[in-house]
Structures are given as structure tokens and as C-alpha cells.
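A.B. asks: Protein chains in written order, with this note's numbering: chain A, 1 to 315; chain B, 1 to 315; chain C, 1 to 315; chain D, 1 to 315.
A hint or two may mislead.
You can't tell identical chains apart in this list, so a pair holds if it fits in one copy or across any two.
No farther apart than 35 Å at their CA atoms in a straight line, the calculated lysine-lysine pairs in the DSBU-like style are these [said to hold, decoys possible]:
1) 314 - 126
2) 313 - 159
3) 47 - 126
4) 166 - 47
Since the hints were made in silico from the structure, they are not lab data.
4 protein chains.
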Amino acid sequence: MAQNRIKRNIKAALEETGFGSKSFSDIDRLILEDGSFNVTKKGAGFKGFSFYYWLLNLHWIRLLLYGIIGYFIVNLLFACCYYIAGPEQLTGGLEQRTAADLFMHCFYFSTQTLTTVGYGFISPVKGTSSMIAAFEAMLGLLGFALATSVLYGRFSKAKSRILFSKNMVVSPYQGIRGLKFRIANPRKSQIIELKVRVLYSHLEFVEGISKRRYTPLDLEISFIDMFPLPWTIVHPLDENSPLKGKSQADLEREQTEFIIILKGYDDTFNQYVHQINSYRANEVLFNADFEPMFDTSYETSTTVLLDKISDTKKA
Amino acid sequence: MAQNRIKRNIKAALEETGFGSKSFSDIDRLILEDGSFNVTKKGAGFKGFSFYYWLLNLHWIRLLLYGIIGYFIVNLLFACCYYIAGPEQLTGGLEQRTAADLFMHCFYFSTQTLTTVGYGFISPVKGTSSMIAAFEAMLGLLGFALATSVLYGRFSKAKSRILFSKNMVVSPYQGIRGLKFRIANPRKSQIIELKVRVLYSHLEFVEGISKRRYTPLDLEISFIDMFPLPWTIVHPLDENSPLKGKSQADLEREQTEFIIILKGYDDTFNQYVHQINSYRANEVLFNADFEPMFDTSYETSTTVLLDKISDTKKA
Amino acid sequence: MAQNRIKRNIKAALEETGFGSKSFSDIDRLILEDGSFNVTKKGAGFKGFSFYYWLLNLHWIRLLLYGIIGYFIVNLLFACCYYIAGPEQLTGGLEQRTAADLFMHCFYFSTQTLTTVGYGFISPVKGTSSMIAAFEAMLGLLGFALATSVLYGRFSKAKSRILFSKNMVVSPYQGIRGLKFRIANPRKSQIIELKVRVLYSHLEFVEGISKRRYTPLDLEISFIDMFPLPWTIVHPLDENSPLKGKSQADLEREQTEFIIILKGYDDTFNQYVHQINSYRANEVLFNADFEPMFDTSYETSTTVLLDKISDTKKA
Amino acid sequence: MAQNRIKRNIKAALEETGFGSKSFSDIDRLILEDGSFNVTKKGAGFKGFSFYYWLLNLHWIRLLLYGIIGYFIVNLLFACCYYIAGPEQLTGGLEQRTAADLFMHCFYFSTQTLTTVGYGFISPVKGTSSMIAAFEAMLGLLGFALATSVLYGRFSKAKSRILFSKNMVVSPYQGIRGLKFRIANPRKSQIIELKVRVLYSHLEFVEGISKRRYTPLDLEISFIDMFPLPWTIVHPLDENSPLKGKSQADLEREQTEFIIILKGYDDTFNQYVHQINSYRANEVLFNADFEPMFDTSYETSTTVLLDKISDTKKA
């Protein structure tokens with residue numbers, strides 16, 4: 001019974017990543033190139049929907065487009081209100097005779113009210129229009145408060161943009177070999193208390209059924225206090241490594257994917273940031289090593305050449 | 001004496017949930033359906049009151065309503081000021097003769113000043129009105145700054161909307177049986193470092209007196225790094241489980257409630273989020289198991305069917 | 001030598017509170033009633049000064065007052081600019097002849113520009129004034145952006161308002177006696193993961209010199225998951241307690257102060273909050289116990305009577 | 001093999017600071033005076049670029065300057081639009097005949113629209129100009145929303161301004177000697193849960209090659225709950241210290257730099273803050289000690305003299 005418990009614990013240790021063992025078994029890639037998961041969710045309806053959340057995650061172009069369309073529609077609606085209330089309640093439109101002219105007059109008045117620019121050439125002189133205008137101006141201010149909220153909400157979210165080397169390499173390390181990749185922070189700002197985890201995900205064939213397994217890999221160093229310089233992360237291929245003795249062909253046959261999970265504290269935004277990346281079997285270079293990425297001609301400060309992050313040489 | 005200390009520690013371990021043993025003994029439900037506690041607080045007066053806090057927690061409809069009413073009242077007050085200062089200090093109202101007309105003229109002028117729309121058809125031409133208008137326009141801007149603060153404050157608060165299966169099930173698990181429930185994140189965004197605790201709350205009858213006890217339940221996995229897929233949380237009903245051998249009738253007699261506490265890090269809002277839920281005895285299905293909720297016809301990405309989260313079958 | 005090391009560690013353990021052993025030896029109280037420290041800092045000059053920080057910590061009344069004064073001064077300065085540029089560049093002032101009238105005209109124009117209300121009755125018609133007005137309107141918007149920042153910065157800061165019982169009591173507890181105090185959250189919102197530390201601060205007389213010592217006290221429970229109900233915090237007066245056998249007279253002679261440090265996570269603001277409080281010797285009631293603060297007439301929800309938090313009875 | 005593992009672990013412990021052993025070997029200083037790293041990053045291109053991030057880190061003067069220039073350019077562009085659409089579509093410019101006058105008329109109209117001040121003396125009376133103005137006013141509001149976002153983003157970032165003593169001192173401590181420096185918080189607000197780490201960075205000469213090593217130094221106390229008073233941080237120079245027996249000449253020859261890393265929680269901003277500082281060999285005073293920095297004439301509160309933080313005397 002205690003035996004069972006231990007087994008369960010091992011199983012738990014292997015699967016407490018949240019990826020599950022079946023779901024990702026045959027698909028092309030677990031982690032897409034933008035760091036998101038290769039998962040489609042259906043049938044939620046509006047249970048998880050939040051208007052603000054949706055605005056936060058819209059693409060900038062779409063957000064701007066929707067903003068302009070919304071602005072146009074709101075003005076159109078208010079133009080109708082003013083037109084129904086009677087265009088003669090607005091000054092400055094007396095010489096305009098056609099209905100279209102009068103409607104446009106109402107429309108321009110609406111834009112001048114909603115933005116609170118209020119030139120006054122067109123101005124409400126009677127009760128109904130004045131009341132609608134009072135309401136529209138308030139609505140304009142609220143809409144603008146909303147815009148400020150959305151803009152700040154989008155801006156204030158820290159997003160780390162840590163650079164990854166294009167490939168992993170397998171090269172000599174401390175008398176044995178090591179699986180290595182390299183990261184660097186392109187910004188001047190600091191990422192502090194950076195933690196890295198590497199999961200080795202691969203298909204295991206048990207009794208003819210393939211199951212995806214996730215094994216955390218031991219790292220030489222998995223935490224650094226500060227991240228001013230490029231960092232080469234190393235998994236030593238010693239006798240404890242689940243990768244020991246595997247060739248590139250093995251990795252490809254097992255549909256291997258190395259999942260990298262970074263967590264740090266962004267010192268400009270004062271927020272925790274996460275970044276996920278992955279390397280597939282064909283992105284691992286055996287018997288290669290990284291070129292140095294420091295400029296040796298420096299004099300008083302250390303100079304990092306970020307465009308050399310993926311440069312490798314024969315090991 | 002050391003014995004006493006140990007006893008105290010056990011007691012502490014059982015009760016460090018913050019629920020207390022007496023207070024919830026006879027009531028209907030500890031956790032209401034919106035995740036809040038079934039607790040009423042009286043007699044605080046204004047000791048804990050905060051205006052902003054109140055605005056943050058108002059329902060949207062109420063907030064809007066109070067906003068409009070407040071806008072109306074402020075304009076009414078300033079209309080009075082302008083009326084007292086003399087409506088003849090404002091342009092554009094010369095042809096209006098009745099007191100009501102002149103008061104409405106002041107009112108419209110106030111709305112045009114507070115929103116800073118300032119058409120100018122009505123405009124202050126003398127000192128007193130000009131001074132009041134200068135003050136009102138500043139107040140309008142401040143009021144609007146407040147509105148922006150409240151809107152952003154409401155929007156920027158991360159709220160997880162994790163879906164729970166409608167029922168808990170008891171079904172075979174690793175050779176024994178397990179108590180299970182299922183959760184899923186309906187959003188595309190990530191919840192990271194998700195931790196789950198399950199408290200088993202029930203009445204204990206000691207010498208004729210019922211006391212409510214809170215026992216944390218061991219879970220197969222209680223923490224996952226990432227939460228891209230549905231997660232079935234399992235409490236193994238092994239020999240260590242306080243639920244071992246209990247039937248549905250036992251659970252109902254003891255007024256059992258399983259309290260679920262989730263904590264995670266929302267990667268869109270960069271904030272920790274909490275969510276509380278509970279299952280009562282009549283929401284536990286014995287000898288049932290969850291249906292799979294993956295779409296087996298997927299090709300390149302894993303497809304989750306969120307509307308099947310509560311689907312069960314005979315075990 | 002190892003002996004020395006241990007001694008140093010003990011010393012460290014006693015003093016890692018950050019209070020120091022000499023500085024607070026003779027003063028009246030370590031913690032003032034608003035939870036701040038009884039410390040005056042001099043000679044920093046402007047090294048730690050931050051304008052925003054200062055605005056955040058100003059009293060509301062002062063903030064409003066400074067705001068109005070600032071608004072007035074800025075308008076005065078711009079009025080001078082317009083007056084120097086020539087009041088005849090502004091419309092609507094032709095019939096005003098005295099210099100004072102013309103200056104007030106400039107002043108009102110400035111207020112209408114800074115708030116962007118811009119009625120237009122007064123309007124710039126020449127280059128210099130138009131240019132100044134363009135600059136002033138931009139400045140007005142920036143000033144208002146600043147106001148929004150300050151308002152939101154003040155509002156969005158979570159402040160816990162946990163209520164403390166007025167006194168500590170010493171009463172029977174688990175066969176021995178316990179030093180107790182009681183806290184409650186007056187708000188409906190949740191404080192989560194609440195941690196409490198109690199420091200016993202007193203004067204120690206060693207070779208005629210008094211030194212202040214800070215000893216953390218063991219608590220029955222020092223952490224709760226959730227805080228929906230009042231919580232009575234207990235330090236058991238067992239054989240390990242540094243308070244064992246001390247009377248009220250002892251506590252007063254040693255100028256005892258119990259420092260309470262609370263830390264929790266506010267679930268409305270999604271921020272960590274801290275609250276500090278202290279009890280002096282004369283606020284400890286020996287042989288008293290707290291009255292229950294639940295309304296026993298409840299039916300479906302637990303009812304807490306917050307105004308009874310300090311009610312005690314003979315033990 | 002286990003031996004190798006241990007060696008690797010030691011290496012890891014020494015280098016998990018993120019500084020690397022080669023990169024900083026010959027340069028003048030690791031930590032610049034503003035607490036940033038003496039590192040230059042090249043070749044990142046726009047990979048890490050974020051417009052908001054850039055605005056957050058601009059100097060105030062530059063930000064203001066760019067803001068004014070941007071405001072001017074946008075108005076210039078819109079002035080061109082109105083000029084092309086035809087200046088006769090704007091009121092108030094009929095008496096102005098030269099092209100330059102008409103263009104300036106358009107420019108002033110643009111400033112009055114962008115800031116939404118809209119006096120109305122200049123006002124659009126035809127379709128094209130009205131439409132452009134409707135768009136410009138909306139753009140003005142968005143630009144202002146952006147300004148609010150940037151201002152708040154800059155303001156709301158907590159920055160600790162902890163003061164450091166100018167020098168480190170080596171003086172008697174607990175029967176042996178200690179390496180000491182002193183810090184103080186000049187603000188009235190609290191830094192909570194302050195953690196300090198000291199790294200001893202120096203060149204090691206192995207087989208003629210110099211390598212920079214980073215060794216964490218043991219501290220008497222490395223964590224304090226609260227930080228109301230100055231704190232003297234001590235590294236005991238006992239038999240375990242890597243500095244044992246080293247003279248000032250040794251420190252200078254090895255290009256020693258002591259790197260101080262502070263982390264705390266700012267209770268006004270409710271954010272974690274970090275601060276980095278360093279002392280070079282020539283900033284260490286042997287056989288000196290700090291002067292007390294308390295005002296002994298206090299009566300009811302402890303008085304700290306912050307300008308004496310660097311005062312030392314012969315030990």
C-alpha cells in the first residue's frame with residue numbers, strides 16, 4: 001500500500017506540470033512560437049468573457065479600428081436624436097435647407113459635444129437638445145475614462161522579451177557532455193530573481209500505446225539573482241539524465257520537445273513576468289557549441305553582442 | 001506537558017483555516033454560490049468604510065445610476081448658484097422671460113461648464129458667474145479624474161473565472177477509489193502556479209454537542225505549473241482518508257461541505273487571484289466518473305470542450 | 001568559537017526585528033496609535049524626497065487646498081501673460097475700460113483655457129495670445145493627467161482596517177493560561193493568508209543599564225488561510241513563555257509593549273497589506289476573558305457583532 | 001562522479017549570481033553609481049523595444065521636450081489638412097488675407113481642437129473641415145489618455161532611496177573584527193521585510209589567468225521585519241570568512257568590489273523594491289568605526305540624524 005502511495009507520488013511529480021499525459025500525444029507542437037499553448041477551447045460561451053479582458057488582448061490595429069467605428073456609431077445615434085428633437089433647436093444651421101445637410105449638421109454637433117470640444121458655432125438653444133447634449137457630454141467623458149483605462153491597462157502589463165538562442169547544443173561540459181541553450185535580456189532594465197525550469201517532453205511507447213511524459217531536467221544553475229549578462233543554461237548529461245545516450249534520431253522518433261519556463265521579477269514594472277519557449281528535436285545541434293558573445297575590445301564596460309546569441313561552432 | 005503541546009498543535013492544524021469550530025455549526029451553507037462566505041457583519045459603523053472601496057464593489061448598474069444622479073445634483077446646485085448670482089450675467093438668455101426658463105438656462109450652462117464642453121452660446125460675462133464657472137470647470141475635471149480612477153480600479157482587478165464541474169464524483173482510482181472534481185480555465189490567457197486546497201468540513205457529535213471540523217484532504221496533485229488544460233483533482237480514498245468508508249447518507253447526516261480554495265497567478269493581469277467554491281453532500285455522485293472532454297477529431301492542436309466539464313457516466 | 005557563533009545567532013534572532021536595542025529604551029511608546037513608529041528623522045534634506053510620494057501622503061484636505069491654490073496661481077500667471085500680450089487680442093472685452101477689468105478679463109480667459117471649457121465669448125484673435133492659449137490648454141490637460149494619476153495612486157493603495165480589541169486579556173486556556181487579543185475585518189471583502197507576529201518588547205536591566213529587548217512570542221495559531229470571522233490570537237503562557245509568572249506590575253516596571261504585526265493579501269485590491277498595532281502594559285487585563293461576539297439568533301448565516309470586539313468579562 | 005557533482009554544485013553556488021566569471025574581469029567597476037550594471041548591450045535592434053517602456057525610462061526633461069515637439073508637429077500636420085480643405089471653411093478668418101495668416105489661422109484652430117478647448121471664434125462651417133475636426137478632437141482625447149498612462153506609469157513605480165554610508169569600515173565586533181556598512185531609509189514610509197545580500201567580488205589568479213569570483217558573505221543579520229531605524233550590517237571576520245587576514249593592499253590588488261543587494265516591500269506603493277550598491281577596495285576604512293547617529297537629547301521619540309550616516313571615528 002505504501003508502495004502504491006510512492007508510485008502515485010512519482011506519477012504526480014511527473015505530471016504536476018499541468019500538461020496531462022494524453023492530450024498532447026500526437027499533435028505537432030505543444031508550445032507555439034509566440035509562447036502560447038497549442039490548445040483550442042470550445043463551448044465556454046460567455047462564461048469566461050470579460051469586456052475589459054477582451055479589450056486588453058485585442059491587437060492594436062483592431063483596437064484602433066473598433067474605437068473609430070464605435071466613435072462613428074455613437075455620433076450617428078446622437079445625430080438621430082438631435083434630428084428627431086428638431087434641427088432648428090441648434091444654431092448655425094439656418095441657411096442649410098436639405099434634410100441631408102441638416103442631419104450632417106446634427107452629426108457634427110454630436111462630434112463636438114462627445115469630444116467636449118464645443119465650438120459653439122453649433123449650439124443647442126432649446127430644452128430637448130440641451131438635455132441630450134448634457135447627457136452626451138457626460139457620456140463622452142466616461143468613454144474617454146474607459147479609453148484611458150484600457151490604454152493604461154495595456155501599457156502597464158510587463159512583458160519580458162528575453163531572447164533565446166535559435167538552437168540547443170550538445171557539447172563537452174565538465175568532463176562529460178551537456179545540453180545547453182542561451183538566453184539574454186535585450187533591455188537595459190533588470191530582470192531579477194530569474195528562475196528557469198526545463199521539461200523534457202516525449203512520447204513513451206508502453207504496450208503499443210504512446211503516452212506523452214514530462215520530466216523535469218536537472219540544471220547546473222536554475223536560479224540567478226540578477227540577469228545583466230547572457231546566461232547559458234546547462235543540463236549535464238550525466239548518469240542521472242533521462243537523455244543519457246539518446247541520439248538525435250531517438251529524440252525525433254519520440255517527438256521530443258524541450259519546454260522552457262522562465263519566471264522573473266521585472267524591476268521597471270515591479271511585476272513578476274513569465275516567458276515560455278520550446279525546442280523541438282530538430283532544433284538540437286549535436287557536437288556544436290556556442291560562440292562567445294562578448295566584444296573583446298571593450299575598455300571600461302562589458303559589451304554584449306546580442307545578435308550573436310545563436311552563433312554556434314563545431315564542438 | 002509536551003503531550004499537551006502536541007494536542008494543541010493538532011488542534012491548530014485543524015483550525016488554522018480561519019473558519020472557527022462553532023460559528024458555522026448549524027447554518028445552511030458556508031460558502032455561497034458566488035464564492036463569498038455566508039457571514040453577516042454588523043456594528044462596524046463607519047470604521048472600515050472607504051468611499052473608493054464602496055465604489056469598487058458597487059454593481060455596474062448601480063454605479064451608473066448613482067453617477068447620473070450625482071451629475072444631475074451637482075448641476076442643480078450650480079444652477080442655483082448661477083441663478084442667485086443673476087441669470088443676466090449669462091449671455092444667450094435675454095429673450096427668455098419666465099423664472100423657470102432662466103433657471104433652466106442656468107442649468108444648461110452648468111452642464112456645459114462641468115463637462116467643459118463650453119459651447120459659448122451661453123457664456124458668463126460678469127465677475128461672479130465667471131468665478132463660479134472657473135471653479136465648476138475645475139471640479140468637473142476632478143470629478144472626471146475620479147471617474148477614471150474608479151473605472152480603472154474596477155477594470156484592472158484580475159478575477160479568475162475558473163469553471164468547476166457541477167458535481168464531485170467517487171470513482172475507481174489507482175486500484176482504490178478517489179473523490180474527484182474537475183476545473184478548467186475558459187480563457188485563452190494563462191493561470192500560472194495554480195495551487196488547490198480542499199477542506200472537508202463536517203459536524204462532529206461529541207457528547208451530544210455538534211462541532212464543525214475542518215480537515216484538509218490530501219490530494220494526488222495539489223499544484224501545477226501551468227493550467228492550459230482541464231484538471232481533474234483527486235483525493236485518494238485510501239486508509240489515511242478521513243472519508244474512508246463513509247456513504248452519501250453519512251455525508252448528509254454530518255452536513256458535509258467540501259471547500260475548494262484555488263490560488264494562482266494571472267498572467268494577463270500580473271496579479272495573484274483567488275477563487276473559492278464548495279460542494280455539499282448532495283452534490284457528490286457515488287459510483288460515477290467524468291466523461292472525457294477532449295475532441296478526438298483534432299488534428300494539429302488539442303481541443304477542449306468546456307461545455308462537457310460536468311458530464312458524468314456510471315463508473 | 002562555535003559557542004560565540006551560537007551566541008551571535010541568538011542575539012541576531014532577538015534583534016532581527018529592525019528595532020535595535022538601544023534606540024527605543026526610554027521613550028514613551030514604540031508604536032503610535034496610527035500604527036507608525038515613534039521615530040523622527042532629521043537631516044535627510046531632499047535625498048529621499050519625491051514629489052509624487054509627497055502628494056500621495058498628504059491629507060485629503062491639504063491636497064484639495066493646495067490644488068485650488070495651485071489652480072489659482074497658474075491662472076494668475078497666465079492672466080499676466082495675456083495682459084502683457086495685450087488684452088485687445090481677446091474678444092468680448094471691448095466695453096471694459098479699467099485696467100482691473102481688463103486684467104480680470106484675462107484671468108477668466110485663462111481659467112476657460114486651462115480647463116479647456118473655452119466658451120468663446122472671450123477668444124484669442126491675434127498670434128501671441130493664440131500661441132499662449134495653445135500652450136496653456138496643453139498644460140491644462142497635462143495638469144489634469146497629473147491629478148488623475150495622484151487620485152488613482154491614492155485610491156488604489158490597499159489599506160487594511162482590521163479592528164483590534166482595546167485590551168489584551170490573560171485567561172484560562174487549555175488547562176494553563178493564555179495571553180489573548182482579538183481582531184476582526186470590518187469589511188465584506190476578504191483578507192487572505194493572514195500572518196500574525198507578536199513581539200514582546202521590554203526593558204532588561206543588566207548591570208544597571210537598561211536595554212530594550214524584542215522577543216517573538218509563540219502563538220497557538222499564527223497563520224490562517226481566510227479571515228471571514230473574528231480571530232482570537234493566543235500566546236500560551238506555558239513553561240517556555242518569557243512571560244511566565246510575570247504580574248501586571250512586572251510588565252509595567254519593564255515598560256512592556258506588545259507589538260503586533262499583521263500581513264495579509266487583500267482580495268479586492270490584489271495587494272499585500274500590512275498593519276501594525278501595539279498594546280502597552282496598562283492595556284493588559286489579567287483574569288478577564290472576551291465575551292462572544294456572535295449573534296445567537298441567526299438562522300441561515302453566521303452573524304458577527306463587530307461592536308462587541310472589546311467586550312470582556314471576569315474570567 | 002559524485003565528487004564531480006559536488007564540485008559543480010560549489011561552482012554553481014559561486015556563480016548563481018548572474019554575473020559570470022569572465023566578463024567582468026578587467027573592467028573598472030561592476031556597479032555604476034546609479035546602481036545599474038557596467039554593461040553595454042549591442043545588436044538587439046528593435047527586438048526588445050517597447051514604445052511605452054521607452055517613455056517610462058526617459059528623463060523628465062526629455063519627456064516634456066518630446067511632448068511639446070510632438071504637440072507642435074501634430075498641430076502642424078492638421079493645420080496643413082485644414083489649409084488644403086480650404087481656410088474659408090473656418091469662421092473668423094475672413095479679414096485675414098495673406099496665405100501665412102490663413103495658415104496660422106488653421107494652426108490655431110487645430111490647437112483649439114486637439115486640446116478640445118474649442119473657443120468657437122474659429123469654427124468649421126463646412127463638411128470636410130468638420131470631419132477632420134471630429135477626428136482631431138478624438139485623437140486629442142486619445143493622446144491625452146496616453147499622457148495620463150505614461151504619467152501614472154512613471155509615478156506609480158516605487159523606487160527605494162535607501163541611503164548608504166560612504167564607506168565600509170573594519171572595526172572590533174564581538175571579540176573579533178567585523179566588516180560593516182550602514183543604511184537608512186530617509187522617508188517616513190516603511191520598507192518591510194528587508195533582505196540584504198553582500199557579494200565579495202575579486203580577481204583570482206589561477207595559473208597566470210585572472211578570473212573574477214563572487215562569494216556571498218555571511219552576515220550577522222541579513223533580514224529585518226521592519227526598517228524604521230538605521231541598520232548597521234556586519235560581516236564577522238571570523239575563521240570562515242574569505243576575507244580573513246586580508247589587508248587593504250590585498251583588496252586593492254585583487255580589484256575587490258563588495259556588491260550590496262537590497263530587497264524589500266514598500267508599504268506606500270505596495271510593491272517590492274530592489275536597490276543595488278557597491279563598495280570598492282579604496283572605500284573600505286580599516287580600523288575605523290561609525291559614529292552614533294541618534295540625537296541623545298530626544299524626549300518622547302527616537303531621533304535619527306540622517307546626515308551623520310557616513311561619520312566615522314578611529315576604532
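A.B. asks: One pair to classify: residue 166 and residue 47, alpha carbons no more than 35 Å apart. Within, between, both, or neither?
C.D. replies: Result: close only across copies, 14 Å inter versus 39 Å intra.
A.B. asks: When no copy is named, should residue 313 and residue 159 be tagged within, between, both, or neither for a Cα gap of at most 35 Å?
C.D. replies: within (32 Å within a copy, 43 Å between copies)
A.B. asks: From the Cα coordinates, with 35 Å as the cut-off, is the pair residue 314 and residue 126 best called within, between, both, or neither?
C.D. replies: neither (84 Å within a copy, 71 Å between copies)
A.B. asks: I want to check one pair: residue 47 and residue 126. Are their C-alpha atoms no more than 35 Å apart within a copy, between two copies, both, or neither?
C.D. replies: neither (46 Å within a copy, 48 Å between copies)
Violated hints, in rising order: 1, 3; the structure is consistent with all others.
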